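For the protein sequence lines, the chains are A and B, in the order given.
The letter at position 92 of the first sequence is residue 92 when you use the numbering used here, and the numbering goes up by one with no holes.
The letter at position 39 of the second sequence is residue 1039 when you use the numbering used here, and the numbering goes up by one with no holes.
A hint or two may mislead.
As the list claims (entries may be wrong) - List time: in silico DSBU-like cross-link candidates among lysine-lysine, alpha-carbon distance up to 35 Å:
id : chain 1 : residue 1 : chain 2 : residue 2
1  : B       : K1062     : A       : K171
2  : B       : K1062     : A       : K26
3  : B       : K1036     : B       : K1099
4  : A       : K68       : A       : K171
The hints are simulated quantities; they were obtained by calculation from the structure and are not laboratory data.
Computed from a predicted structure; not experimentally measured.
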Amino acid sequence: MGALGFYFDMQACIGCRTCQIACKDKNNLPIGVLFREIKKFETGVFPKSNSYNISYSCNHCEEAKCVKGCPTGAMHYGADGTVQHDPDLCIGCQYCIMNCPYSVPQLLPERNIIGKCDSCIDLRNAGQNPACVDACLMRCLHFGDLDELRKEYGEELVNALPILPSPDITKPSLLISPKTCALESSFTELEV
Amino acid sequence: MGNATLTIFSICIQASVGIVLFIAIAKLLNKEGIFKNATLVAAGLGIIGMLASVFHLGQPMKAFFALYQFSSSLLSREIWFTAIFVALVVLAALIFMLKPENKGIITGLIVVAALVGLIDIGLMGAIYSNASVPFWQTSATFVEFYMAAISMGAILFLFLSLQEANFMKKILAVTIAAAVAIQIAVVIPNLINLSISSSMAIQSSLVILSSMSLAGLFEWLFILAGAILAVWVAKDELSPSINNLVLSSAVLLLVGQTIGRYLFYAAMVVTGIGIS
Chain A
1 MGALGFYFDM QACIGCRTCQ IACKDKNNLP IGVLFREIKK FETGVFPKSN
51 SYNISYSCNH CEEAKCVKGC PTGAMHYGAD GTVQHDPDLC IGCQYCIMNC
101 PYSVPQLLPE RNIIGKCDSC IDLRNAGQNP ACVDACLMRC LHFGDLDELR
151 KEYGEELVNA LPILPSPDIT KPSLLISPKT CALESSFTEL EV
Chain B
1001 MGNATLTIFS ICIQASVGIV LFIAIAKLLN KEGIFKNATL VAAGLGIIGM
1051 LASVFHLGQP MKAFFALYQF SSSLLSREIW FTAIFVALVV LAALIFMLKP
1101 ENKGIITGLI VVAALVGLID IGLMGAIYSN ASVPFWQTSA TFVEFYMAAI
1151 SMGAILFLFL SLQEANFMKK ILAVTIAAAV AIQIAVVIPN LINLSISSSM
1201 AIQSSLVILS SMSLAGLFEW LFILAGAILA VWVAKDELSP SINNLVLSSA
1251 VLLLVGQTIG RYLFYAAMVV TGIGIS
């Protein structure tokens, strides 16, 4: 069995942000805090420009810097290998925010502790999918065994893109079916 | 609030380590030396630093949880070493006040505290250079921390022990000048080197710093003026006016290093999606 993680089909994603809202709703997040987010990037120059979206959250990395750096053990690996966070142990030191190369952990200002995607472990334990997966209109998101996902969606999947930090840093449990333009090294983030 | 508490924490602990280091050296050179004021101030700075680090936390009441992960977390190790350092210095200060005749124990505590403190500063540097903040991922982080500790520690030790440390005045002045020279020689070229980096996170850090360039100018002006003043006073014999100059030098170095540290934290830009 391989590591558990998300598969994202960039080619199908239309950037509707339903996954973002479903996550926010599921986790009852305050304004300004997102555990899953959509970003839009542009490559090339008009009239030969292209754009793509990325939906990202915690990558449940195999060598997570947030877990290694956490002084209390609040960030830890769950029994299924995903990166989980224990709010009772969290002291709000924010070292995980400095450590995560993907800028995933967020400060929950009302509680003064950190929060992040737990891959909806409660739903998964009940045999369901994470909220973002079920909410996606285009069925671009899936969660599961990465080896199985690779078999199902093809060997051309990647976890390295020019917009992402090097996967060598934390070995993210992430598979992306990229658009060709997302492989271009020059890009601009679009504010939408 | 976050940058201010981290600045107070790191400056106070590093100044305290610096003072303790020079007390230890002075005690080894002059076994009769007492250095009571320096020991008490080092303990006070250590306590202020520890309190600042606790109030930086979102959950200060759970601060002791940070001791749980010594085996894996650099931050946990750094907290252990800071706590041990402060405990040793506070213990030495308490013995000074309650049983000052125990000179051997005080010297032992100070020497061990100096060694623990030096390791602690290394761990502080490692915490930041291992974070996903490209601006911090250089040897300049370590140099800045160690040289700040040495320059602040030396001038504070000289000011707080003027009579007893008079025999070390020239050594201390040269040490301060060398520490500041090394800091400038490493940090400034590092900034120039970073300015040609293709990393968006580094460029964002530099944009933040350029928006605070006046503070950066004052940082180096104060540090340089403090170091020059320290060298200037070292050539003269003790007098009330010289004491005031030593105090001025200490204030300049402390303020300069504090501004620099605030800028260090203010320039934090973590990598992320689209920011590598």
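Which numbered hints fail
Violated hints: none at all, because every hint is consistent with the structure.
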